[in-house]
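Residue numbers (the numbering used here): 557 to 866.
Simulated from the structure, these hints should not be mistaken for lab results. Yeah, the Cβ is synthetic: ideal placement off N, Cα and C, and Gly gets one too. Be careful, since some hints might not be right.
Quick list of in silico lysine-lysine cross-link-like pairs, DSS-like style, CA-CA up to 30 angstroms [to be verified]:
#1 Lys773 / Lys737
#2 Lys749 / Lys647
#3 Lys809 / Lys793
#4 Lys767 / Lys726
#5 Lys796 / Lys713
#6 Lys846 / Lys862
#7 Lys769 / Lys647
#8 Lys735 / Lys685
#9 Lys658 / Lys616
#10 Lys735 / Lys813
#11 Lys808 / Lys796
#12 Lys658 / Lys647
#13 Lys808 / Lys793
#14 Lys767 / Lys585
#15 Lys685 / Lys613
#16 Lys767 / Lys685
Taking CB as the label site, the calculated pair distances span [what the hints assert, rightly or not]:
#17 Val848 / Ser671: 29 to 37 angstroms
#18 Asn673 / Ile775: 49 to 57 angstroms
#19 Asn684 / Lys647: 15 to 23 angstroms
#20 Lys639 / Asp683: 50 to 58 angstroms
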Amino acid sequence: MWWSYYGFKENPLDIRPNENLYGIEHVEKEVIDYIRSGNIFLLYGPTGCGKTSLAYKIMKNYNNEFNFIYLNGEENPNPDIFKILERHTYKKALFIKFKVKKPVVLILDEFYNFSENLSKQIKALYDNKIIYSIWLIQIQENIQNATISFLNRLSKKIYLDFPNEEIIIKVIESRLNGKIKFDNEFLLRIIRKNNRNIRSILIELNSILSKLKHPIKDIISERNIIEVKEKQEEEIKVSKQQLQILEILLGKKLTIKQISEILNIPYNTVSKQVSRLYRKGILMREDINKNVYYSINPKYLNTILKKIGK
């Protein structure tokens, strides 16, 4: 993996929730203020803007002050809230059961996946001061899976947008820790192409780094990408017969026998050409039910399509 060349134990461009956030201190302060005030509120914004990451950060930083319960509607759309509360608010030490004194803050991520019935249950728990504050998180501003009486208790809707270009560059630089550097103009093009969606940006940068030869000492720019494409073009010099085989394999997995029958080319000839394509890395092989199937390596798909004229 490319990151191992730079001393990273794991991928620094991982897209999963990350507590190292930049440029949203004002939103963090607002969220904490509403939690401390014992409110029900909503944090909404586009996918990949950092909503869940912010929740993780706040749970970590304010764990001594609040008893956080985090539930994700995608993972568990029908939670037993009473059992979960029991588990989080009462602790056992030897044979003694005692109540945790910290105020309970319920965080409901991907809220639109929960049933309306949950809103009735948590409203009752909130009204009876069993739950101190409720923080809802979802993409859209409108809440459609809650009762009117629950929505009437909603104090605030907080919008979290994607970071600006300057902040995104800082995030990338921080993650790479100065071990890999991108040309700023090149980075800005990627940021704008992905409409500042940091998750999409990280996916694209990871894809770029996966294709390059490491370690890299120079600043990575458009030139590096062009060189990779040229190298791929060079690697994929194929004969007319090999091109026929590749065209047959578009979107398919076939055995040598099947290719031979479709193209009406002798088995041994197909076997020889397929072996050459496999050695170049253009084809991949897979054993299925004691038969060997070949398919096109996705890495070379665009180049192959150009050569075929599709």
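Sort out which numbered hints this structure fails and list those numbers smallest first.
-> 2, 5, 6, 7, 8, 10, 14, 16, 17 and 20
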